[in-house]
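Asker: What follows is each chain in one-letter form.
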Amino acid sequence: MAQFKEISPNATATQKLANWFDNRFPTAGAEYRKHMSEYYAPKNFNFWYFFGSLAMLVLVLQIVTGIFLTMHYKPDAALAFGSVEYIMRDVPWGWLIRYMHSTGASAFFIVVYLHMYRGLIYGSYRKPRELVWLFGCAIFLALMAEAFMGYLLPWGQMSYWGAQVIINLFSAIPFIGPDLSEWIRGDYVVGDATLNRFFAFHVIAVPLVLLGLVVAHLLALHDVGSNNPDGVEIKGPNAPLDAHGHPLDGVPFHPYYTVHDIFGVAVFLMVFSAIMFFAPEAGGYFLEYNNFIPADSLKTPLHIAPVWYFTPFYSMLRAITTEMMYALSAILLITVGWVLVKTSASSLTKLLLVVLAIAFLWMFNAFGFTGLDVLQGIDAKFWGVVVMGGAVVILFFLPWLDKSPVKSIRYRPGWHKAVFGVFIVDFVVLAYLGTQPPSPTGERISQLGTLFYFGFFLLMPWWTRLGEFKPVPERITFAAH
Amino acid sequence: MKKLLLTLISALAFSAGAFASEEGPAWDKAPNNINDLAALQNGAKLFVNYCLSCHSAAFMRFNRMRDIGLTEQQIKDNLLFTTEKVGDTMKAAIDPKQAKEWFGANPPDLTLVARSRSGHGGTGADYLYTYLRTFYRDPSKPTGWNNLVFPNVGMPHVLWQLQGEREPEFETREEHGHEMKVFKGWKQVTPGTMTPLQYEEAVGDLVGYLTWMSEPAQNARVRVGVWVLLFLALFTAITWRLNAAFWKEIK
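Sequence order for the protein chains is S and W. Quick note: the first sequence uses our numbering, first residue 5, plus one each step. Quick note: the second sequence uses our numbering, first residue 194, plus one each step.
Careful, some of the hints might be misleading.
No more than 25 Å apart at the CA atoms, straight line, and that leaves these computed lysine-lysine pairs for DSS-like [as the list claims (entries may be wrong)]: (1) W/K334 / W/K377; (2) S/K38 / S/K131; (3) W/K444 / S/K303; (4) W/K444 / S/K38; (5) W/K377 / S/K239.
Not close to chain W: a few residues of chain S, all C-beta gaps over 12 Å, as computed [unchecked claim]: (6) Q7; (7) P13; (8) T16; (9) L21; (10) M60; (11) L124; (12) F139; (13) Q161; (14) Y261; (15) G288; (16) N294; (17) T353; (18) G375; (19) Q380; (20) G393; (21) K407.
In short, the hints are calculated from the structure, not lab data. Note that CB positions come from ideal geometry on N, CA and C, so glycine has one too.
Same shape as in the complex, but just chain W:
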């Protein structure tokens, strides 16, 4: 029985492993900065400056950013366009029709992108962290850019001035009788305004913000959860003794 179980479990593990290897390159682990207010604020700034011109976050209100330590005045002064109110949701200024013409598709809403992009490779944050760091020049594409984890992506490299231009380097390797192109590393073609390390941090902050925005209640959720579990531990102990007290008399 146990042997059979073990065989089945290992068979499942193998099939899962085989499945994972069919996908694109492995996702890098995104830094966890969900409790780092400075990082989240910097991420919010990057989001508003670079993403919000084309992508909406239609379920996210500007004034929710009070939760990451900003005052309403700070939000109004730094993150709002002139026509918006602080209680509005984040709507992109781009005209959907034009967007479709320019990029071939409407830029998707980003409110929940950090949740919807989770998958076998890791969390949605891991995906975004990898995606935003693997753009490269590709003259064969209409925008001139391509991406390692999202081949033929419609979006150009919006952060290219920060990162500079890079080229991936591949080596061909023989695997299971197939010629495989394996990603080896990056070659910096032109420098950006940020050093590679600064860029990684900036993307980490932006991804942190996207993660927070996908569920603004998540920190409160964990905080409340700890108290609930502490209470339930006590409650369990009491009910355990209560039960024992009643059942003592049953012979």
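Next comes chain S alone, as it looks inside the complex:
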């Protein structure tokens, strides 16, 4: 037990009360100091550093509005759609709560995508922050599950058919696929059972996982300290300290970054409110028009598109056609050929590689053109699912793929910035194509986009080392305000 602290009888009532609590619950004060008033963060954060705290804000907003929505929502295939309209019409301020939640869903992905991109350009996942990044990627994965299951709940046409399409993807997995997708749905088609279980996952199971991961993300971050736009450490053996032993280049999170973030919150809320009050459908991107028609298992909409935040990945799924598998087989062949000719691996390794390559070519259906039954590989649809999942999973490996000698983009060669720029354009173009009905031109562009997306990550061990790097300063660059 800690030492019991006595306080002067002349102290103010507030001081006495604080002392009373501190003697009985010292953890509260210690944690407050550790994570707020004595957590030193680099003082050169720019606007990219708003999005972490904004993601927290949106998480809280989603949980609180979600609680109020569940008070009126009915997870029942016959009642769900009507209960949402009941919230929109008959529940006092129900429309506001619902729009906060629906706009919040999209806002969540916007801030999270920006937050992740910040990590990418400043190398925030590099040693020793790998775990911070891994927890973050897990949060992103949980968030996608949360959003996907939440989107079924309004029980409109897009909710229904979107869920139908995505769950059907699992049936492309060889052997277990059809049973697996039926197990997920709890029925032969998306139905009441599906709605009920998605409700359970959406309101309690996934949010619990999310909260746990957010705590892990923050604890891991505060253990290793925040990165910054210069990618220079402010804590550690070589970093300068002030007279009190605090980092000279850091400021206490509270009050400096709390007031900073409140300003960021104010600007964010302006944008958020402008959308929520004046264009809550956001042109059919946040609330799809078709979703104002109740789910009908007999009427398939002409054009089924997931909500915008899934469309980059959906585009990559659609990009994997039989033709694309031939292209991927060719890339595999060239890669293996290059390894065989150019590297000095042992002949056993090379033999193993050739065997593996043939096995994969067979599975890729590269010999499908022969028309022989034995040589038929796995359908391109399955590889589409693999690519879509891989596009998210590959993010987990980023800390080990990036071999750049400097962390921050500021000190990387100019053309690296161009590569990052093209990466953004690629992501946006894929997202746009995913919202559109399939077209031959769109298919070609999305195939190129998919190749660039994976090339960007998989070739990182090579391209991130190349070029003329700028000297990294000893200490962060900071201009007083």
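Model the placement of chain W on the given structure of chain S, informed by the hints.
Answerer: Frame of chain S, contents of chain W only:
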């Protein structure tokens, strides 16, 4: 980099344009009368008299129409059938089985039609405004009516007495090597009880009502939104100075 961006954006714009031209005729812009109570009330009257016999608005309560300036007594006297209560939702009297027999499909619920019909061509209101003004006689159809934006529509022209009968006129034009039938204009075959201008206005009122009904809170939403944004502007200014006051001391 910038050049690449521009090329990509223009490529996207082109593909979007090409997509738009594949759809039916362009939608006319519906008049915006969401704040015009007289128009909304007239639209409500038209809706109850002409639409509600077959189409429900199952999420809309009659007494919500107090929001467009009607009193509960006025609603009871003018817009309710004898058996209904003012707190009821708008349910059509038609039997779904018979409806299916007569029109080939159940008349869809119209509560949200102004939202669900939005698309590339414009808002749902634009669609409805065009749809209700482009019915024409077509003896080859079971109901004797057809529609320009909804070909082979199951619904007959319910407002035909108001509009009269019309025929579309097409001209054939050579485009990209294809013979294209391009809509040129309308020919009035028999006059309606309304002049064409009166009919346009009436449809505008009806569409205004449908738009309002699709989200009765929309006017309150915009009103509240203005105050929220004004507050947030002030809040942003305060937090901006607060932040500056703290960071002044950081060198």
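Asker: State for each hint whether it applies.
Answerer: Verification of the supplied hints:
1. W/K334 / W/K377: Holds. W/K334 to W/K377 sits at ~22 Å (cutoff 25 Å).
2. S/K38 / S/K131: Within the cut-off at roughly 22 Å; holds.
3. W/K444 / S/K303: 65 Å, violated
4. W/K444 / S/K38: Holds - the C-alpha atoms of S/K38 and W/K444 are around 24 Å apart, at most 25 Å.
5. W/K377 / S/K239: Measuring from Cα to Cα gives roughly 75 Å; hence the hint is violated.
6. Q7: The claim stands: S/Q7 keeps its Cβ more than 12 Å from every Cβ of chain W (closest is about 34 Å).
7. P13: 35 Å, holds
8. T16: Answer for S/T16: holds, closest chain W Cβ roughly 25 Å.
9. L21: 26 Å, holds
10. M60: 17 Å, holds
11. L124: S/L124 is indeed farther than 12 Å from all Cβ atoms of chain W, at 17 Å.
12. F139: Holds, since 29 Å exceeds 12 Å.
13. Q161: 8 Å, violated
14. Y261: Incorrect as stated: the minimum Cβ-Cβ distance to chain W is 10 Å, not above 12 Å.
15. G288: 6 Å, violated
16. N294: 6 Å, violated
17. T353: 40 Å, holds
18. G375: Non-interface label stands for S/G375: nearest chain W Cβ at 36 Å, farther than 12 Å.
19. Q380: 35 Å, holds
20. G393: Holds, because the least Cβ-Cβ distance between S/G393 and chain W comes to about 27 Å, which exceeds 12 Å.
21. K407: Correct as stated: the minimum Cβ-Cβ distance to chain W is 24 Å, above 12 Å.
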